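A.B. asks: Please take these sequences and the hints and turn them into a complete structure.
Chains as they are written, first to last, in our numbering: chain A, 1 to 511; chain B, 1001 to 1257.
The hints are simulated quantities; they were obtained by calculation from the structure and are not laboratory data. It cannot be assumed that every hint is accurate.
Unchecked claim - Listed next, with one range per pair, are the computed distances between beta-carbon atoms:
| no. | chain 1 | residue 1 | chain 2 | residue 2 | range |
| --- | --- | --- | --- | --- | --- |
| 1 | B | A1154 | A | D442 | 55 to 61 angstroms |
| 2 | A | K259 | B | R1157 | 29 to 35 angstroms |
| 3 | B | N1150 | A | R467 | 39 to 45 angstroms |
As the list claims (entries may be wrong) - What the simulated footprint calls covered on chain A by chain B, stretch by stretch (three residues with Cβ under 8 angstroms from a Cβ of chain B suffice, anywhere in the stretch; the number is not a length):
| no. | region |
| --- | --- |
| 4 | 242-252 |
| 5 | 425-431 |
Said to hold, decoys possible - Looking from chain B toward chain A, a few residues come up when the C-beta cut is under 10 angstroms (computed):
| no. | residue |
| --- | --- |
| 6 | P1125 |
| 7 | E1127 |
| 8 | L1221 |
| 9 | F1226 |
| 10 | A1233 |
Being a predicted model, the structure only gives us computed values, none of them experimental. Think of the CB as a built atom: it goes at the ideal place given N, C-alpha and C, for glycine as much as any other residue.
Below are the chains, spelled out letter by letter.
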Amino acid sequence: MLPRLPTDRIVRTDARLAHKPVVIITDTAGTRRVAATSIAAERAGARVGMTLAQARALAPEIQEFTIHPAEDQAEREAIAATLARFSPIVSIYDDITIVLDLTGCERAHGGLFTLIRAAAAAITARGYEARCAVAPSPTAARALAMFTKSFGPSTAIPVVEAGGEIHALGPLPPASLQIDPETAGRLNALGITTITQLAHLPRAALAARFGPTVLLQMDRALSTEPEALRPFQAVELPAERMEPPAPIDRPDMVLFILKKLADSIALRLEALARGARSLECVIERPGGAVEKINIQLSSPRRAGTWIFSLLKTRFERVDLGQGVSAITLRVTAAELLRFGEPLLFEDGEPGARQDLHALLDRLAARLGEENVGRVELVGEYRPEYCYKIVPAAPALNINIHHKQIPASRAAAGQPAEPAFARAARPLRLYKSPKPVELRFADDGVPAHIRSLQLEWREIARAAGPERIQAGWWEGRAVDRVYWIIELVDGARYWVFHDPAHAGAFVHGEFC
Amino acid sequence: MGANITLLEELRHRMSEAGGGHGPAARDAHLATGVEPLDAALPGGGLPAGALTEIFYNSTSPGGAASLACIAARAAARATTFTNGRDFTNGRFVAWIDTDEFYPPAAAALGLDPEKLFMIHPRDPGEALWTFEQTARSRAIAASILLITNTTIAVTRRLQLAAEAGGGLALLLRSAAGAGHPSAASVRLRAQARAAPAATPAAVLPPQRIEIEILKIRGTLSSNNFLIEIDHASGDVRGAAAAADRSDCAHRRAAGA
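C.D. replies: Following this line, the structure appears as structure tokens:
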């Protein structure tokens, strides 16, 4: 049960509201009345049904927010989706209650108590007050939960076995059975203040005087009448939106929201047994403008810490000055995440593959995907075009296992595969060839070189000529005669001239 | 006293065994570069894994620093064990962080498999250092290479720590002007091109001669220099005999080595 869902929904988005009195206001017939209160507001004396003016009188520092049923419902659905990993049957029972059918689920989660505590922790981690109870029927569970303490590290969660309902529920008032307040009032007036007493009344008379509902609810609570749950179906791809009470522009506040979004999405992905392959983050600005950030992942991931760190890196490029009025994080593509993959903790991940994908994604997030690449050699003669850079991120399909190097080759220190280019090439190739002047000896071998305006330098020895002609079909024809030259001090350069000796350039250096 | 010393050695040995291959307990993990004279001159038989190695280049006369880095990286990418026989479990990849003049086909000619190469292009020096720190820190990368002009000792400390976390080779190519400044790197080398011996016929271009000078190895006082020859077409590297001809000696004197 989430007794304060409406106020918690607001408070969770802004850490500063944590201990302040917060109320939700609804406008009825022109009067603004309190519809929900936070703990602090209740302590200050505000009550549901009061007018706003009354509440203000009791607690001047009260903050009020308008009721927003659609957002509340969206939150309920998000919470239900989060809890889906604990049970296949999750139901939004009423405005403040979510019921999970735990039959048979204990084994998968390490026992009933571990399961319940984990579920309750998931709700409190999301920022909501939770009260939990376990019973053989939903009605009984809800009734018990109403009177249980809020979940905390040392809270005991009541668990009622079949047959123990009347004992556990006995002391509770009939109102906890969700009968309408008027009937509850009448029962009270008659002195029926506990369910035990209610159970002792003759059934026919009960039905006749108070209507069939009371009987039905009691029967449901005591498990004599079966109760069907309407299961909640999570929409396939999780999306979460958080809207702080007022537009924010401070980085720490934005990070606060991003962290919550990342954690929520992570839990929902876990419920679906999926990892995200691409995420979309939508930033809404005051004034209506919308910005989108797309993040591609090289392998399905769902760890909340890791999604948060990716978002954080991306957000460094976002201009916060204009203010952010809401942020939505949506999973746009997801894949099954293999069972047994480490779930929530990045540091403990084994295996070079996980590390590699994590590294590449981190680099791509900061530098841009186009700046993190792998090399493909292309069958091309023109030196500038004989390779291309392929972005590393999408669809990595690298075999990371150690290649079996034939023993003889390994011993000789040779590459395991044939060399890719049988010709010597400079490790540094200038972005564009630099013009130089060459003087040739009688045998056609370059003998002196100078960069424009500087001194002539002697070429001690040279290898070549290597003629490269290509590209005429593309219009970027190249017809060059290349030499590798070594100057007197040992430095080697890659130079070329055109066949007519009209112009010469240095293209790279062996460094 | 003697017994105490052996006890200490025994304890050190046990601790490094227990360490399992990464972190401070594995300070004695080294990766062979495949360059014989270099491996012979380095304690442990190779460059220290999980540590920062600086290779200084001459900014006016290119020669050998990047090629040496490429060769060491190629060896690290293929290594499955350290020189002491324990497993080297990093991923098989080499990260080359480049400010856009790096030419991958040359690395391929030197024997560095393009399948294993990631080319990362940062947009400014700050991003370049950040990227190098990230790749050095990652267990998926066997060797990271970055070429910069200069940096501070504080940065080298961070990079050294990152390399310790990652366990692979972290090769920082720096302009030789910085060799005089202190650094946290575990090994500092300088590479300089040398002319082919004058006796070689002018029409032949032999493998390029590079002089490697060991400037610093953490924990020892040695310094050393030797010649190697790199064949840029095949990636073969061998030690070369010190030249006895006068042109080489003259160069050494002129360069103030």
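A.B. asks: For every hint, state whether the structure bears it out.
C.D. replies: How the hints compare with the structure:
1. A1154/B <-> D442/A: 55 to 61 angstroms: 57 angstroms, holds
2. K259/A <-> R1157/B: 29 to 35 angstroms: 30 angstroms, holds
3. N1150/B <-> R467/A: 39 to 45 angstroms: Holds, at about 40 angstroms.
4. 242-252: Per the Cβ count (0), the hint is violated.
5. 425-431: holds (count 7)
6. P1125: 13 angstroms, violated
7. E1127: 6 angstroms, holds
8. L1221: 29 angstroms, violated
9. F1226: 15 angstroms, violated
10. A1233: Holds: closest Cβ of chain A sits about 4 angstroms from A1233/B, inside 10 angstroms.
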